[in-house]
Structures are given as structure tokens and as C-alpha cells.
Amino acid sequence: MHTDSFQNKKSELQKVICINPTFRKFEDTDFDDEDYEFASKFKQLYNSSIEKYSKKNKLNYEVYSPYSEGEKLTSYYKDLLPLKSAILKSLNVQDNPMNEVESNTYKKEIIQKFVVPTMLPAELAELVGKYDTPYFSLVDIYTSNGKSYLFHVIVDLNLGRIEYQEIKGYSGLVKKSEMKMFVYDSFYLLDKFFKK
Amino acid sequence: MKKYFTHFTVFCSLLFGSFLSVEAQQLSDDQLKVFQTSDLSKYNFDIEKKSKSLVKNQDVLEKDVAFKVYADALLRISSMINTGDFYINDEISSYLEGMIQKIDPDNNPESGIYRVLLSRSSIPNAFCTVDGTVIVNIGLIGLMENESQLAGVLAHEISHFKKSHSLKQVKASIEDSKSGRRSYSSLYLSMKYSRDSEYEADAAGLNLIAASPFDAYEYSKALELVTGKNSDSTEIDLLQFFKSDVFKLDTSIISAKEVKRLLKKSAKKEERTLLSGNDEMFESHPEGQKRQLAAGEILSSISYVKPTIAANDVDFKRFQRLARFEMVKNDYYRADYLQGLHNALRLSDLYPTNAFAKNMIVSNLYWLCNLKSAGVIDDLLDETEIRNIKSMAQLKLIFQETPNDELGKFLFTYLKKLWEADNSNETVLYYLASAADIHLGKETAKIHYKNYSSKFPNGIYITSVNEKLQ
Chain A
1 MHTDSFQNKK
11 SELQKVICIN
21 PTFRKFEDTD
31 FDDEDYEFAS
41 KFKQLYNSSI
51 EKYSKKNKLN
61 YEVYSPYSEG
71 EKLTSYYKDL
81 LPLKSAILKS
91 LNVQDNPMNE
101 VESNTYKKEI
111 IQKFVVPTML
121 PAELAELVGK
131 YDTPYFSLVD
141 IYTSNGKSYL
151 FHVIVDLNLG
161 RIEYQEIKGY
171 SGLVKKSEMK
181 MFVYDSFYLL
191 DKFFKK
Chain B
197 MKKYFTHFTV
207 FCSLLFGSFL
217 SVEAQQLSDD
227 QLKVFQTSDL
237 SKYNFDIEKK
247 SKSLVKNQDV
257 LEKDVAFKVY
267 ADALLRISSM
277 INTGDFYIND
287 EISSYLEGMI
297 QKIDPDNNPE
307 SGIYRVLLSR
317 SSIPNAFCTV
327 DGTVIVNIGL
337 IGLMENESQL
347 AGVLAHEISH
357 FKKSHSLKQV
367 KASIEDSKSG
377 RRSYSSLYLS
387 MKYSRDSEYE
397 ADAAGLNLIA
407 ASPFDAYEYS
417 KALELVTGKN
427 SDSTEIDLLQ
437 FFKSDVFKLD
447 TSIISAKEVK
457 RLLKKSAKKE
467 ERTLLSGNDE
477 MFESHPEGQK
487 RQLAAGEILS
497 SISYVKPTIA
507 ANDVDFKRFQ
517 RLARFEMVKN
527 DYYRADYLQG
537 LHNALRLSDL
547 YPTNAFAKNM
557 IVSNLYWLCN
567 LKSAGVIDDL
577 LDETEIRNIK
587 SMAQLKLIFQ
597 ETPNDELGKF
607 LFTYLKKLWE
617 ADNSNETVLY
627 YLASAADIHL
637 GKETAKIHYK
647 NYSSKFPNGI
657 YITSVNEKLQ
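Protein sequence lines correspond, in order, to chains A and B.
So the first sequence is numbered by our numbering: it starts at 1 and just counts up by one.
So the second sequence is numbered by our numbering: it starts at 197 and just counts up by one.
Among the clues, some could well be false.
Unchecked claim - The calculated label-pair distances, taken between Cβ atoms and stated as ranges, are:
id, chain 1, residue 1, chain 2, residue 2, range
1, B, 662, A, 169, 34 to 40 Å
2, A, 169, B, 571, 25 to 31 Å
3, A, 169, B, 254, 53 to 59 Å
4, B, 436, A, 48, 52 to 58 Å
5, B, 638, A, 191, 41 to 47 Å
6, A, 172, B, 464, 46 to 52 Å
7, B, 579, A, 145, 19 to 25 Å
8, A, 181, B, 579, 50 to 56 Å
9, B, 435, A, 188, 33 to 39 Å
10, A, 178, B, 490, 35 to 41 Å
11, A, 172, B, 571, 32 to 38 Å
As the list claims (entries may be wrong) - Heads up, incomplete: computed chain B residues facing chain A, CB under 8 Å, no partners named:
id, residue
12, 239
13, 279
14, 492
15, 493
16, 528
17, 529
18, 530
19, 531
20, 544
21, 547
22, 659
23, 660
24, 663
25, 665
Please keep in mind that the hints were generated in silico from the structure rather than gathered at the bench.
All residues carry an ideal CB built from backbone N, CA and C; glycine is no exception.
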């Protein structure tokens, strides 16, 4: 899904700040080795994959996460975490698999454009100057009830809204070998979207 | 506790920068400070290593079970940290850690000090996780009246940890399970403390406070506030707010009978806070009262004498004030607009000349009317907790029952009046234009957007306004 005007904005997407690409599990299951791997080792690989595969598709995603260093790390905790919360919360009010994780009744409808894009507090525009871009992104993988969902969201803080949103379902839990494909595919789709 | 984990959303400190231009005039240098430090180990830790270390210091559960419980809890805390649920390196967490040091000088044997994470939630609550992390909601700081009440709550929560209630309850659940073992994390997340555990934590907490510099007599009052027994300090006068020449609030919507009905319905639905345990608010002898009586008995039995040196409330008062502002910011950013409006109105009552409080009323009111107009307000209203606050119940009923066009009328005239009273406030003008956009049509809205564009060419909403004018 995307806003009307976003398709023409490829040239403006010089830089996109990607906030802590994450794996999250939603089931009430026991912690096991897989969770630990997701929680640490896998995450680092996932972080680096975002930057790598975005560049391969001629997009410049800059990741800020707990694995960043110095000023970037401080900025992550100070500014970007609250922003990520705001975006996640705004996604919460939409009909999407995150809100259906227990009932598993999410129907995949192909809707090309937002009828009413999800709005964010307009006051968040203050971050644009600091990060030198109005575009911020979440690229997260969530798993629930044996399925995985990749959320790829781009927000424009100047306009205070979500401009682009991709939710892709995958039957099964994403393994390390499949993760790269999942991520690459998402950026490939975005690149194709701009070329339409 | 499960609700805590799944509903734990967060937001705010972002606004330090974004509201500086307006709020600086009101708060001067009184902003929630964040320490610049490279030591982020409190927030960025090795789960496996920490879990293994914690297993060594407990003897309640089998080692492998204990490891899974700790690792799961730490994983979830880490997840919450990385979705922005907590403040990072803030001064209130440091203050609370110092307070716990005074309450329990022996401290958490594992880490030397309890780790406090300050969450962005406005719900007045706190709890201590299985590893000794004390999670305190900023809403608790905003609600407590003095330092001793806050200390009482902290003492109660760390007593649950010191008595290993979480681990014991997991053990009991495993042993009782008839249909085979459920997952440990589901046990850990779904359980509430038993009544006995709550009383035990009260007793242990009171003994800690009695030996500390804080006033143990304030414990009962803290209990009353957190359980919503005495919500007077949080009530607001809605009739005054909704008074308008153009809009007439239908007061039958918010009759005493309707409010009571909603309060009762909400109380049953809303989970009890962990502090209140299994309170039943409408029983003839509510559990909360019994606990308060028990607290009095305990203090008598130890011949407790209130400390002669008064607690230093200067820091507390400052943090209480900051917390109240933070609560309003957080509510808005987490789209808890109903609670946000209520807290903003309360903030405005407390600080009548504060521009930030006025702006937050405007923003939250606008979004509530917008959602109502779009026909999607029901979920928001359904999720918002009332917590025995009559004016929250009234506000919910108003937005549920008042027709859309009436609310639109109220919104527009309210904003217009504000703008006419102060035509230097860009937030009011922006939302006036946005309200016109929804309720009066694009042509009327354009007049106000153009006005904004001309008056505030570098305003924070200018990009959004320019797009509307295209």
C-alpha cells in the first residue's frame, strides 16, 4: 500500500533511516536456542542485510540499532526508539496480521493505495533536520502461529504519515537461509514500484 | 502481566526537542534530563550470560526451568527496550534506583543494585520482574502525592522479588498442571500474584519502609491511589470544558447512572494492577480495605514511629511535575487520545497558563473527533482504561454517544475561540485548518491553511500545509 504521491518520490529518497530491524515472536512458547539466536546473532546479520540489499536495489537505507556505535547509538536510544514506538502504535490501529495474531484471520487483500494513510503526530517533523531526511523506515519480521510476516514501512515525517507499507506473509518460521531472500525481495519490490 | 507486556507501548522524549520552542517558555530548563553516557549495559545485555548467572542465585526451580524463565523474561524486556517502551539513561530512573538503595540497603545480590526501567505508560503501576528489574510506569510518578508513597510502592514490588513469588508461582503452576506442562512463558506471563503473596509483599514491604527514612503511614494512601479507590485528585470538570454557545452537551449521556454503569463494567474488564492483586472493587468488604487494615496492624505491632526528619520532597515534586507532562506527551504519541485528552485537561487545571498543556488538549481533541468522523473510534474507546475515574468514564460516554456533527461543531468553535484569543499559536491554527478540512469542507480549510502558510512560513507543520494547498 502506498500514498498517491509516493510513487514519484524515488529521487527524494536519498536516505532512509531504518530503525532497529527486528525479529519478534508472539507466541507464548518457551525460550529456546532459536529465540536466543534470533535475539542476538541473527539480528546482527539481519541488520547488515538491510543495508546491503537496499543498496543492491539502489536505495540507501542507514540502519540505527543497538549494534550501532558512538553518536549513532545514542541517537538510536534518544530519538529513534520513541519514533519506532509511534509508528508501531499507529500500525496497531490498522487491520493487519499484527492485530490478528491470535485469531489468525487476516485476509490478504491487495489494496494499491491508502484510502486514508496512517497519520503520525505532525510534531515529529522536528527529526527531519537532525537526520537530514524526512524518511524513516521499519523493516521487521514477526512470527506467530507458525507464520512469518515481513513489515516494510516508510514514513515521511514532514507530512506526518506512512507513505509506503508492505506486509508479506510467509508460511513457516523464517530461517537464516531464507531471511536474506525475504529481505532482498522486499527491496526489489520497492525498486520496481518506483519504476512503474 | 501479559497485558503489561502486550500493551506496553511507549513514547515521548522525542518531544523534548520538538516542543522546545513552545514549552521552553513555560518549563525553562526544567526538562527530563537524559544522561550522556556511553554505558548502555543496562539496556543492551547478553541474555544467555545474564540468565546463567541468575540461575545460580536461586533455588526454587530446577536449573533448566529457571534458565528458561529468566531468559524469556530478559528477552521480553530487551524487546520492550527496543520498541521504545522505556526511557533511556533518564534522571528519574537514577532517582528511583537511589530510592531503592535507601529502602533495601542489601540490594539485589546479583547486580549490586536493582535496575530500574522507567516506562512511558500512564497507567499508575510498577512491578519487579523475575530477575530484579523494577519497571515503574511514569504514570505512577505522576499520581503519587509524595516520596513516601512512591517508596511504599517500590518496597512492595521488591518484596515480591525478595520472596521469590514469581518463581514460586511458576513452580506451583507446573506442579498443578493437569493437562500437561504449559509453556513456562505462558505461565509466567499469565499469572497474577496470589492473595497470600500480596499480603506477604505488603508485610515485607512495610518492614523495609519502617526501617528506611520514608514514612510508612503513607503506604495505605499509596494503595488507595493505585487501586483507584480515591480518584478525586484525578477528576476533572468536563461540563466546564464542553461549555459552548454553539454546542450543547447532552448531559443525560453522562448521568450518574450511566457513569456508574460504565465504571462497574470497566472494573470487571480491566485487569487489576499487580499492586492491588485480586481486588474486587464493588464487594461490600473490598480486599483493598482489608489490606489497608492489615498494614495498620503491622505498623502497630512493630510500634512504628514516623521518622522525625521530613523526607526531602523537592526532587520528588520536580519529577512529579515532569512526569505529568511526560504522561501527556506519551499519551498523544501512543495515540491514547482519550486518556491524553483527560490528562491534558488535568494538566491544564494544574498549570493554567501552560501553552503545552493547551496544545495537547487541542491535538488530542482533534484526533478524537477525526477518528469519530472516520467511524473508527470504537476500538480506541474500548481499549482505554477508565480506572475508576468518573471523568474518564464521562469522557468516554461523550465520545461514544455524541453525534459526529455535534462533536465537529464543538471542535471547530473551540479551536476558533482559542485562535481568536491567541493568534500566535501555530498548533491551534494548524488544527483549526485540519478541523475545517473534515467538518466544513476543503474551501474553508484552504483559507486557514493559507493563513498558516503566511503567518508561519517556517512552522513545524508547513510541509503538511503546503501539500494540502497543492
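Status of the hints after comparison with the structure:
no. : hint                           : in the structure
1   : 662(B) with 169(A): 34 to 40 Å : 37 Å, holds
2   : 169(A) with 571(B): 25 to 31 Å : 27 Å, holds
3   : 169(A) with 254(B): 53 to 59 Å : 41 Å, violated
4   : 436(B) with 48(A): 52 to 58 Å  : 57 Å, holds
5   : 638(B) with 191(A): 41 to 47 Å : 35 Å, violated
6   : 172(A) with 464(B): 46 to 52 Å : 40 Å, violated
7   : 579(B) with 145(A): 19 to 25 Å : 22 Å, holds
8   : 181(A) with 579(B): 50 to 56 Å : 37 Å, violated
9   : 435(B) with 188(A): 33 to 39 Å : 58 Å, violated
10  : 178(A) with 490(B): 35 to 41 Å : 57 Å, violated
11  : 172(A) with 571(B): 32 to 38 Å : 37 Å, holds
12  : 239                            : 7 Å, holds
13  : 279                            : 6 Å, holds
14  : 492                            : 40 Å, violated
15  : 493                            : 39 Å, violated
16  : 528                            : 6 Å, holds
17  : 529                            : 5 Å, holds
18  : 530                            : 5 Å, holds
19  : 531                            : 5 Å, holds
20  : 544                            : 18 Å, violated
21  : 547                            : 19 Å, violated
22  : 659                            : 4 Å, holds
23  : 660                            : 5 Å, holds
24  : 663                            : 6 Å, holds
25  : 665                            : 13 Å, violated
Against the hints set out earlier in the document, violations occur for numbers 3, 5, 6, 8, 9, 10, 14, 15, 20, 21 and 25.
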